[in-house]
Amino acid sequence: MNVHFLLFQIVYPTNAILRGNKNNESQQIEMILRLAKKIDILKQSYQKHFLIQFSKKFNENLFIIIMKPYTYQHRVSQLDDMDDHSLLSKSKFHGFYYYAHMLGIYYLIDLMYFNQLGKILANSPTISAVKRDGILMIIWAVYSFTYPYTVYFAHKFGFKILLLFFISLPFIIFPWFIIQYQLGFIPGVFVGAMASIGFMKEVSYIKNCKKPIGLWQFFIYMITPALVFYHDYPKTKKIRLIYCLAKLFNIAYFNILGAVIIAKHIEPAIIGTSDQILQTILLLFPLASFWMVLFFLTFENILNLLAEITYFGDREFYHDWWNATTFEEFNAKWNTVVYAFLHTHVYLQLQEWKVPRIWSKVLTFTFSALIHEIILIAALRQFTPFMTFIMLLQVPVMMALRFLKNTRIGLIYFWFSLLHGVPIIVSYYVLV
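Its first residue numbered 1, the sequence shown is counted upward by one per residue in the numbering used here.
To be clear, the hints were calculated from the coordinates, so they are not data collected in a lab.
The structure presented is a predicted model; accordingly, all values stated were derived computationally and were not measured.
Take the hints with a grain of salt, since some may be wrong.
Claimed, not checked - Here are the simulated DSS-like pairs of lysine-lysine, each with C-alpha atoms no more than 25 Å apart in a straight line:
id	residue 1	residue 2
1	264	119
2	207	361
3	119	131
4	90	333
5	207	156
6	210	160
7	207	160
8	238	90
9	235	333
10	211	160
11	405	333
12	207	235
13	156	210
14	333	361
15	156	211
16	405	361
17	90	237
18	210	235
19	207	354
20	92	333
21	235	211
22	264	131
23	90	235
Given the sequences, and given the hints that come with them, work out the whole structure.
Now the structure itself:
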């Protein structure tokens, strides 16, 4: 009988063989003892158990599978222009980043010079809704950072029933809040996203907190850009004032640029035609631009600013998703903040319950899709589970198109699907 040791890494959905075939029984025993020692060292390092599975398959070969939760380490954000160690700063093509940045600034200056910017934003229903609901968004943000203390105290004093109640309650409160105050789409999505972030942080805190922490430590955890709780995170030594100011400038800049794209390009394309095919074509470029603006706003600036003020050392909030050749690879790379939670607290939990791997993946996708759908239902005040359908459709598509992995055709297919998928989803929700 051959023995194989497989370690499933968290960073990418791939595996690496730790040890090869061993036919001799004494060698097998020695390998298992070495493995046990290695697992014990890893447990001490990460303060987290490792899920081990034994399975016989493929001509009676024994596969010992080890799966570990997401762990944090000192890493910089790949596209951080303010960090000399980032891939962007080291790249010979980093000048194109500043070129694109300046084009965006001059685009806004051009609009302001011709006295159009104020008019464009004033006539936008989406931007008007954000201005109207701004105070309510601030109130909800304050609530989002204070409400979790109910979970903190319930956990501290061991009130398990109250814990379940407090964790579940926001999913009743936030839809009521959106409907009661008739929030616009973007404010509604903001409220739903904040509620979901709080939910994931609270769940991870309950599962991973082995010893009580102080009120201030809990607050720092709530604003740290990590959804998996650990008692010790990699820490930086100081807060860089210039870095924070640059991120604040970028946050303001990308907010204005995103607002202009919505008001000047996205809304006219939606209002101007009811033909879904034409609408999809007209939305391709503005939605792709808005999506990139949203990506830089969130992952490169807001999360990095939060990481800087909390001394959080792991700035790798995404991997090179733009090189993905399958959507399985994209889902693992484009948002490691959420992916860390889904892998550690959903997928591995299902594996502990002996759920088959394929069904664990399906249920993890379903959980993620339901969170997105709940937010959309509340923000749009209608039940049209098209988003859930599209997200779950990825599972059979990923299985069918695995042969495209690491190929140029796979890369082209990924970008084609991404560019066309978002406008199709938007057009569907607009016309329903």
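Tested hints:
1. 264 to 119: Roughly 10 Å between the alpha carbons, so the hint for residue 264 and residue 119 holds.
2. 207 to 361: Since the Cα atoms of residue 207 and residue 361 sit roughly 21 Å apart, the hinted pair holds (cutoff 25 Å).
3. 119 to 131: The hint holds at about 14 Å.
4. 90 to 333: holds (21 Å)
5. 207 to 156: holds (13 Å)
6. 210 to 160: holds (15 Å)
7. 207 to 160: Within the cut-off at roughly 12 Å; holds.
8. 238 to 90: Holds, at about 23 Å.
9. 235 to 333: holds (23 Å)
10. 211 to 160: holds (16 Å)
11. 405 to 333: This hinted pair holds, its Cα atoms lying about 14 Å apart.
12. 207 to 235: holds (22 Å)
13. 156 to 210: holds (11 Å)
14. 333 to 361: Within the cut-off at roughly 16 Å; holds.
15. 156 to 211: The hint holds at about 9 Å.
16. 405 to 361: holds (18 Å)
17. 90 to 237: holds (23 Å)
18. 210 to 235: holds (20 Å)
19. 207 to 354: holds (19 Å)
20. 92 to 333: holds (23 Å)
21. 235 to 211: It holds: about 20 Å lies between the C-alpha atoms, which stays within 25 Å.
22. 264 to 131: holds (17 Å)
23. 90 to 235: Holds: residue 90 and residue 235 sit about 23 Å apart, inside 25 Å.
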